[in-house]
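Protein sequences appear in the order of chains A and B. Numbering of the first sequence is given in this note's numbering, commencing with residue 1 and proceeding in unit increments. Numbering of the second sequence is given in this note's numbering, commencing with residue 1 and proceeding in unit increments.
Source of the hints: derived by calculation from the structure; they are not laboratory data. Quick caveat: nothing in here was measured; it's all calculated off a predicted structure. Ideal Cβ positions, reconstructed from N, Cα and C, are used throughout, including at glycine. Take the hints with a grain of salt, since some may be wrong.
To be verified - Listed below are the simulated DSSO-like cross-link pairs for lysine-lysine, each with C-alpha atoms no more than 30 Å apart in a straight line:
#1 K70(B) <-> K56(B)
#2 K69(B) <-> K56(B)
#3 K56(B) <-> K57(A)
#4 K98(B) <-> K11(A)
#5 K98(B) <-> K26(B)
#6 K26(B) <-> K69(B)
#7 K56(B) <-> K26(B)
#8 K57(A) <-> K70(B)
#9 K15(A) <-> K57(A)
#10 K26(B) <-> K70(B)
#11 K98(B) <-> K56(B)
#12 K57(A) <-> K26(B)
Unchecked claim - Label pairs and their in silico Cβ distance ranges:
#13 A78(B) <-> D18(A): 42 to 50 Å
#14 S53(A) <-> T67(B): 24 to 32 Å
#15 S12(B) <-> Q80(A): 40 to 48 Å
#16 T67(B) <-> G28(A): 26 to 34 Å
#17 D63(A) <-> A78(B): 49 to 57 Å
#18 P8(B) <-> N52(A): 27 to 35 Å
#19 Q80(A) <-> K56(B): 24 to 32 Å
#20 K17(A) <-> Q9(B): 31 to 39 Å
#21 T77(B) <-> T70(A): 40 to 48 Å
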Amino acid sequence: GAGVSQSPSNKVTEKGKDVELRCDPISGHTALYWYRQSLGQGLEFLIYFQGNSAPDKSGLPSDRFSAERTGGSVSTLTIQRTQQEDSAVYLCASSRPSDTQYFGPGTRLTVL
Amino acid sequence: SQQGEEDPQALSIQEGENATMNCSYKTSINNLQWYRQNSGRGLVHLILIRSNEREKHSGRLRVTLDTSKKSSSLLITASRAADTASYFCATSPLGGYKLSFGAGTTVTVRA
Chain A
1 GAGVSQSPSN KVTEKGKDVE LRCDPISGHT ALYWYRQSLG QGLEFLIYFQ
51 GNSAPDKSGL PSDRFSAERT GGSVSTLTIQ RTQQEDSAVY LCASSRPSDT
101 QYFGPGTRLT VL
Chain B
1 SQQGEEDPQA LSIQEGENAT MNCSYKTSIN NLQWYRQNSG RGLVHLILIR
51 SNEREKHSGR LRVTLDTSKK SSSLLITASR AADTASYFCA TSPLGGYKLS
101 FGAGTTVTVR A
């Protein structure tokens with residue numbers, strides 16, 4: 001594909017509900033990353049996938065957050081029992097190993 | 001945690017003027033990258049400078065890197081209204097992959 005795509009672009013949910021965010025990386029990129037950006041802040045690393053290796057989940061803020069990457073391509077970030085502090089823009093990036101990371105447009109999550 | 005810190009936090013300039021922003025970081029890096037973000041959405045990659053490089057150019061952008069001072073600067077020459085955005089530096093650690101971002105510099109270019 002031309003670039004990293006993410007869906008939905010916006011998601012409004014009620015506190016306590018589960019949400020799923022999707023990322024389609026650039027074709028051929030084996031590395032995939034999720035970041036979170038809270039209002040007016042820099043980006044915070046969440047999770048990293050590289051090929052068939054075990055993912056680096058060290059940035060996930062709580063066990064309510066999980067992510068998977070099926071078939072080495074599409075990734076889904078799931079947030080269970082959402083809280084208001086989960087409101088942020090969730091950005092996905094992909095790259096060749098140790099190369100420039102290209103970002104998608106992000107999903108703006110609002111938890112009411 | 002954020003490794004990079006941008007300075008200034010905000011910058012307002014007249015169209016046609018140059019804009020300079022700085023980034024400082026704490027630990028040794030493999031490379032440093034600059035990104036632009038419009039309206040709080042996706043990041044656009046601008047330029048990557050490796051730890052063994054001192055200066056790099058791309059169009060109206062000029063990036064310098066001083067590893068002894070652990071700092072980098074981004075210069076945008078002949079600014080345009082379309083350059084209005086937030087600019088972030090991001091460092092890639094030695095042997096690693098997690099990018100560490102600063103809080104960004106918000107640039108406003110007045111017509």
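Here is what the structure says about each hint:
{"no.": "1", "hint": "K70(B) <-> K56(B)", "in the structure": "holds, 16 Å"}
{"no.": "2", "hint": "K69(B) <-> K56(B)", "in the structure": "holds, 17 Å"}
{"no.": "3", "hint": "K56(B) <-> K57(A)", "in the structure": "violated, 34 Å"}
{"no.": "4", "hint": "K98(B) <-> K11(A)", "in the structure": "holds, 26 Å"}
{"no.": "5", "hint": "K98(B) <-> K26(B)", "in the structure": "holds, 15 Å"}
{"no.": "6", "hint": "K26(B) <-> K69(B)", "in the structure": "holds, 9 Å"}
{"no.": "7", "hint": "K56(B) <-> K26(B)", "in the structure": "holds, 21 Å"}
{"no.": "8", "hint": "K57(A) <-> K70(B)", "in the structure": "holds, 28 Å"}
{"no.": "9", "hint": "K15(A) <-> K57(A)", "in the structure": "holds, 24 Å"}
{"no.": "10", "hint": "K26(B) <-> K70(B)", "in the structure": "holds, 7 Å"}
{"no.": "11", "hint": "K98(B) <-> K56(B)", "in the structure": "holds, 23 Å"}
{"no.": "12", "hint": "K57(A) <-> K26(B)", "in the structure": "holds, 23 Å"}
{"no.": "13", "hint": "A78(B) <-> D18(A): 42 to 50 Å", "in the structure": "holds, 49 Å"}
{"no.": "14", "hint": "S53(A) <-> T67(B): 24 to 32 Å", "in the structure": "holds, 30 Å"}
{"no.": "15", "hint": "S12(B) <-> Q80(A): 40 to 48 Å", "in the structure": "holds, 42 Å"}
{"no.": "16", "hint": "T67(B) <-> G28(A): 26 to 34 Å", "in the structure": "holds, 31 Å"}
{"no.": "17", "hint": "D63(A) <-> A78(B): 49 to 57 Å", "in the structure": "holds, 50 Å"}
{"no.": "18", "hint": "P8(B) <-> N52(A): 27 to 35 Å", "in the structure": "violated, 44 Å"}
{"no.": "19", "hint": "Q80(A) <-> K56(B): 24 to 32 Å", "in the structure": "violated, 43 Å"}
{"no.": "20", "hint": "K17(A) <-> Q9(B): 31 to 39 Å", "in the structure": "holds, 35 Å"}
{"no.": "21", "hint": "T77(B) <-> T70(A): 40 to 48 Å", "in the structure": "holds, 45 Å"}
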